[in-house]
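> Going down the list, the sequences are from chains L and H. Take -16 as the starting number for the first sequence in our numbering and just add one per residue. Take 654 as the starting number for the second sequence in our numbering and just add one per residue.
The hints are simulated quantities; they were obtained by calculation from the structure and are not laboratory data. Every residue, glycine too, gets a C-beta built ideally from N, C-alpha and C. Don't take each hint at face value.
What the hints assert, rightly or not - Partial list, derived from the structure: chain H residues whose beta carbon lies under 10 Å from chain L:
hint	residue
1	Leu769
2	Ile834
3	Ser930
4	Pro934
5	Val941
6	Gly960
Claimed, not checked - Keeping only pairs whose Cα atoms sit at most 27 Å apart, straight-line, the calculated DSS-like set for lysine-lysine is:
hint	chain 1	residue 1	chain 2	residue 2
7	H	Lys868	H	Lys708
8	H	Lys799	H	Lys687
9	H	Lys708	H	Lys694
10	H	Lys816	H	Lys799
11	L	Lys241	H	Lys1083
12	H	Lys1083	L	Lys220
13	L	Lys134	H	Lys737
14	H	Lys694	H	Lys816
15	H	Lys694	H	Lys799
16	H	Lys915	H	Lys799
17	H	Lys1020	H	Lys918
18	L	Lys134	H	Lys799
19	H	Lys694	H	Lys683
20	L	Lys191	H	Lys683
21	L	Lys108	H	Lys816
22	H	Lys683	L	Lys108
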Amino acid sequence: MSRKSNSEYSDKAGKGLHNAHTRRVVADVLSYVLLTVLGIIWVMPIVWVLLESFNANTSPYQPTFFPTEYTLNNYNMLFTDKTIMDFGQMFLRTFIIACFVCVISVTFVLLVAYCMSRMRFRFRKPFMNIVLVLGMFPGIMSVVAIYFILKAMNLTSGNMTVIALILVYSAGTGAGFYMMKGYMDTIPNSLDEAAMLDGCTRWQVFTKIILPICRPMIVYQAITGFLTPWLDFVMAKAICRTQDQWTVALGLWNMLQKEYIQNFYARFAAAAVVVSVPIAILFMVMQRFYQESMSGSVKG
Amino acid sequence: MATTSKQVEPKKRKKKVSADYVAPAPWTVKNACKHGDILTKISFVIFGVSNLARKQIVKGILLLAVEALYVLYMVTTGATAIDKLINGLYGTKAEQVFVNGLPVQSQEEYSVTILLYGVAAFFFTVCFVWFWTVNVRSAYKAQYLKETQGRAPGFLDDILDLKDGRAYVSMLFLPILGILIFTILPLIFMISMAFTSYDSGHSSHFRWVGLANFKTVLSDNGGQVNIHQFMSVLAWTLIWAFFATFLNYFLGMFIAMVINRKTTKFKNFWRGVFSLSIAVPQFVSLLVMHSMLQPEGAINRLLRSWGWIQGSLPFFTNATWARVTVIVINLWVGIPFTIMQVTGILQNIPTDLYEAADLDGANWWQKFRNITMPYMIFVTTPYLITTFTGNVNNFNVIYLLSGGDPTPVGASAGKTDLLITWLYKLTVDKYDYNIGAVIGIFTFIVLAVVSLLTYRNSGSYKNEEGFR
C-alpha cells in the first residue's frame, strides 16, 4: 500500500506516468469489454421480442432464432381485430389506472416518509415496526379477501373494476416508505430548522424544502407506481372476471394460454412492444430528472 | 398552542432519554378516570359532551357522530355478523361454484361471507375501542386546558395545529386508512381461515378447528401436504431468496460502479442499455423467457443448430437445472433495478471521504471496503431487507418462469415452488384455503425471524442520523 502511494506521488512528479497510464487504459478496456458483453445479454431478449413482433409466421416454436419473413400485419390485427380481444380498450384502461396509482402512491409514500424521517411522535416507532411486520405477510394470501371486500363495496361489476384496481394498487403503498425515508434521512436537519425559524409550518417545510430535494426518489417512486398495473396480473385476474374488464397484463397473459397461443404468439410480441412504449417514453423523460438531481440530496 | 412536549413537568430522576423520546401528554385515559369532572365522565358514555361544554362544538359533534354511526352499524348488521361468526357458522349446503379458483357468490349465504362480515365487524369494534380512548383523552384535554389556560382551543386552532405541530396526523390519515382496509383487514380475514375447516370439502359448511391445520402441515401423515414436503419447499425458498437478493445486489452494485468510474465514457448510454429491460414489463419478459427455454424453444434450437448440444437442455425438467435457471433469469430481471437504485446512492457518498483516502494512499479495494460498503450498507439495509422478503414472496418469477416445475408425480409442490407459489396452488387450484393460510403464516414467521434480527442489528435502525 505504501509502495502504491509512493508511485502515485512520483506519478505526480512525472516519473511513473507510464505505469499509471497503462494501468488505467487496461482497466478502461476491461470495463468496456465487460459492459459490452453484459449489454448484449441484456438487450438480446428485447431485440428478439421486437423482431418477433414483425414475424409473418405467427405460430410459436419456430425453427430459427430470429424470424425469416417480416410484416406489419401483427400490429394491424392487434388493434383492428376486436372479435377475440379488444386490445385498444385494455390499453386505455390500464393507462388510466396507472396514472392514478402513480399520483396516489407518490403522495402517500412522501407523506409517510416525511413524518417518519422528520417528526417525532409516540406512534412513530410502533408504526415503523408494524409496517415492517405487515410487509412480511405474503400478499397472495389476501387476494381472496380483497376480492370479497371489494365485492362488499360493490366495486367488482362492470367498469367499477377500474376504481377497484386503483384502490387495490395504491391503498397500501404508504407502507413502502423505507427507501424514501432513508433518502430524507440524508438531508441535513439544519435546512428544516432554518425554514422553521423563518416561520414555515411543517407542511410548508415539506412542500417547499423537502419535496424539491427528494426529486430523484420521487422519480423512482413514480416509475414503480406507474408500472404496478402493467405488471400485476394476479390481482387483476382475481378481480376482473370478464374480458371487457381485463387489463393489458391479463390480456397478454391470456394470449400465451393454450386457447390462444397458436394464433396469438406473434401478436403477443407486438402487444408487448406496444405496452413497452409508454413505459419507455415515461422512463426516458424521468431519467433526465433522475440523473440531474442524483448527485446528492444537498450539494456543498 | 399547546403541543405535547411542552406541557410536561420534568421528571425527578431522568432516565436515559433517546432522541426519539416523546413525553406523554397529561391527558391520558388513566388521568381522565382519576381527575375527570362530571362532564368528562359523561363523555365516557356519550362522546363529545365534554368538548361541547367547553365550546369545542365541531369536535364534539364529530365525536358524537362517529359513536352514532358505530351504534347504528352494530344494530343493523354488525351484531348479527359477530353472532354468526362465533356461534353459528352455518352456510347453506348448496354447491359452491368457482371461477378462477375464487368462490362466486350467489343468493345463498356462504361461510366465507359470514367469516368476512364477522371479521369486519370485529375489526370495526376494535377500531371503535381505540376511538373511545381518543374520545376520552380529548374530553379530558378540553377540561384540562380549560382549567389551566382558561379556554380550550377551538376548531380553527386545531386545524392550524394539524398544519404544523401535529402535521403527522393530517399527513398519515389517508395512507394509514388505506393500509388498514386493504392490508390489515384482509390479513386478519385470511389468518382466521387457518383455524377453520374451510377447504375444498367445506366451502359452505365449516367450523373452528383450532390448531388442526397446523398439525396437518407439521406431521408425517402420508397426505399430499406433510412435514417433508414443507421442509423441502422451505429450504429451497431460503436458498432462492439468499442468492436472488445478494447476487443481484453485489453484481448490480459492481456494474453501477464500473459505469460510475471517472474514466468510463458514455455513462448515460450504458445506463440506458441496462434500464431498457425495465421498460419491458417483467411478466412479459418472463413469459418470453419461459417460451424460449422450452425443450423446443428458441434457445435449444439455436444451440442445436450451432452443433453445441445433441439433445435439448433440461431447463425446466431437471430439478438442479431449473433452480439455477430461475436464479440466473432473476438476475437478468433484477440487476437493472439494482443499478437504478444504487447509482444515486453511490453518487451521494461525500467525495471528501474519497479524497482523504487518496491522500492516505488507499487502493480501490480499501476504499470500497472502508468507505463505499459501510455507506451503502447503512443506506440500503432497509432496501436489502425488503428485497429479501420480496424474494421470499417472489410469486411472479417462479410462477411465470417455471410454474414450480419439475413436479414429482403425486406431490403438491414442484421442485422450484416457493412457499408462496405452493400457497397459491393450494388455494387457487385445490381450494384448500385453510392449509394455504397455514402456509402463509409459516412464510410470515420465516420472514419475521430473518428480517427483524437483521434489521435490529443494522446501523440505519440504531443510528438513524449517523450520516447526517
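> Indicate, hint by hint, whether the structure satisfies it.
Hints versus structure:
no., hint, verdict
1, Leu769, "holds (5 Å)"
2, Ile834, "holds (6 Å)"
3, Ser930, "holds (5 Å)"
4, Pro934, "holds (5 Å)"
5, Val941, "holds (6 Å)"
6, Gly960, "violated (14 Å)"
7, Lys868/H / Lys708/H, "violated (59 Å)"
8, Lys799/H / Lys687/H, "holds (17 Å)"
9, Lys708/H / Lys694/H, "holds (17 Å)"
10, Lys816/H / Lys799/H, "holds (23 Å)"
11, Lys241/L / Lys1083/H, "holds (21 Å)"
12, Lys1083/H / Lys220/L, "holds (17 Å)"
13, Lys134/L / Lys737/H, "holds (20 Å)"
14, Lys694/H / Lys816/H, "violated (31 Å)"
15, Lys694/H / Lys799/H, "holds (16 Å)"
16, Lys915/H / Lys799/H, "violated (65 Å)"
17, Lys1020/H / Lys918/H, "holds (22 Å)"
18, Lys134/L / Lys799/H, "violated (47 Å)"
19, Lys694/H / Lys683/H, "holds (12 Å)"
20, Lys191/L / Lys683/H, "violated (40 Å)"
21, Lys108/L / Lys816/H, "holds (22 Å)"
22, Lys683/H / Lys108/L, "holds (23 Å)"
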